[in-house]
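Student: Please construct the entire structure, taking both the sequences and the accompanying hints into account.
Residue numbers (the numbering used here): 460 to 741.
Source of the hints: derived by calculation from the structure; they are not laboratory data. Watch out, some of these pointers could steer you wrong.
[Stated by the list, open to error] Per label pair, the in silico range of CB-to-CB distance: (1) 552 with 598: 16 to 24 Å; (2) 686 with 475: 44 to 52 Å; (3) 704 with 468: 45 to 53 Å; (4) 566 with 470: 56 to 64 Å.
For glycine and all other residues, C-beta sits at the position ideal for the given N, C-alpha and C.
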Amino acid sequence: MFPTPIEKTSRSWQLTYQTLLPMSLVLWLLPLVAVAVFSIKPDGDFVQGNYWGMPSSFNALENYGKVFFASDMPRYLLNSVFITVPTVFGCVILSSMTGFALGVYKFRSNLWVFFMFVAGNFVPFQILMVPVRDLTLDMGLYNTKTGLILFHVAFQTGFCTLFMRNFIRALPFELIEAARVEGVAEWRIFWFVVLPLMKPAIAAMSVLIFTFIWNDFFWAVVLTQGAESQPVTAGITSFNAQYRAAYHLMSAGSIVAALPPVAMFFLMQRHFIAGLTLGAVK
460 MFPTPIEKTS RSWQLTYQTL LPMSLVLWLL PLVAVAVFSI KPDGDFVQGN YWGMPSSFNA
520 LENYGKVFFA SDMPRYLLNS VFITVPTVFG CVILSSMTGF ALGVYKFRSN LWVFFMFVAG
580 NFVPFQILMV PVRDLTLDMG LYNTKTGLIL FHVAFQTGFC TLFMRNFIRA LPFELIEAAR
640 VEGVAEWRIF WFVVLPLMKP AIAAMSVLIF TFIWNDFFWA VVLTQGAESQ PVTAGITSFN
700 AQYRAAYHLM SAGSIVAALP PVAMFFLMQR HFIAGLTLGA VK
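Tutor: If you want it as structure tokens, here you go:
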């Protein structure tokens, strides 16, 4: 049922594993390394076709300086922060309450309500593109950070509810029954009994949602335009000139845009792993 530990396999398989693992790691990191190398090349290397060779000169300070001080990249980064952070808070707050309701209370339509929350995650984005765009136009929310936040909260709450509901159902129900016997109100049970136990799950889910929203490109392009509201993933395309792209600046901007979610993961790594593995061993 479970994979055999590598230490218990044959010697030939261990050698194959030890050979393929570094190769897979190199293939996985190769695009990131290429982007990092592109970000320190001068613009002339791309004009001359020097895509994969060594840089003719190291222009890291010049390229990253242009990204931060000669473009709208700082504004795009702030837009991403103003979009991602409220979305994470909104998803955590709503899904904690809906997960508590669906995981603790037994009512006739419980399963159907849960299904409605989850079903939206199986709808392809491309099908929703035109209706969602028209809805934001009708509501006056097109090309606004508020419209993008509301959409992300609405769409991500389904996945977060699934995550929270399953986590809460794995908690000892005796704690809730004991609190009810003592006459504790339901909202106090949620706030003082269940919510403290949900901290690992909240941390893990926050990292996931932060990464999803920060790296979103599709809806950033569909629902926003211009530096006043676009997040950094869509703003990187502003380095495209009329006749050719500034690949060295796009690469530098991509590295800058990738740093916040990476930093978020490493800062929350302990809580993230604890949230994913809690309940795996009884």
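Student: Checked against the structure, which of the hints given earlier come out wrong?
Tutor: none
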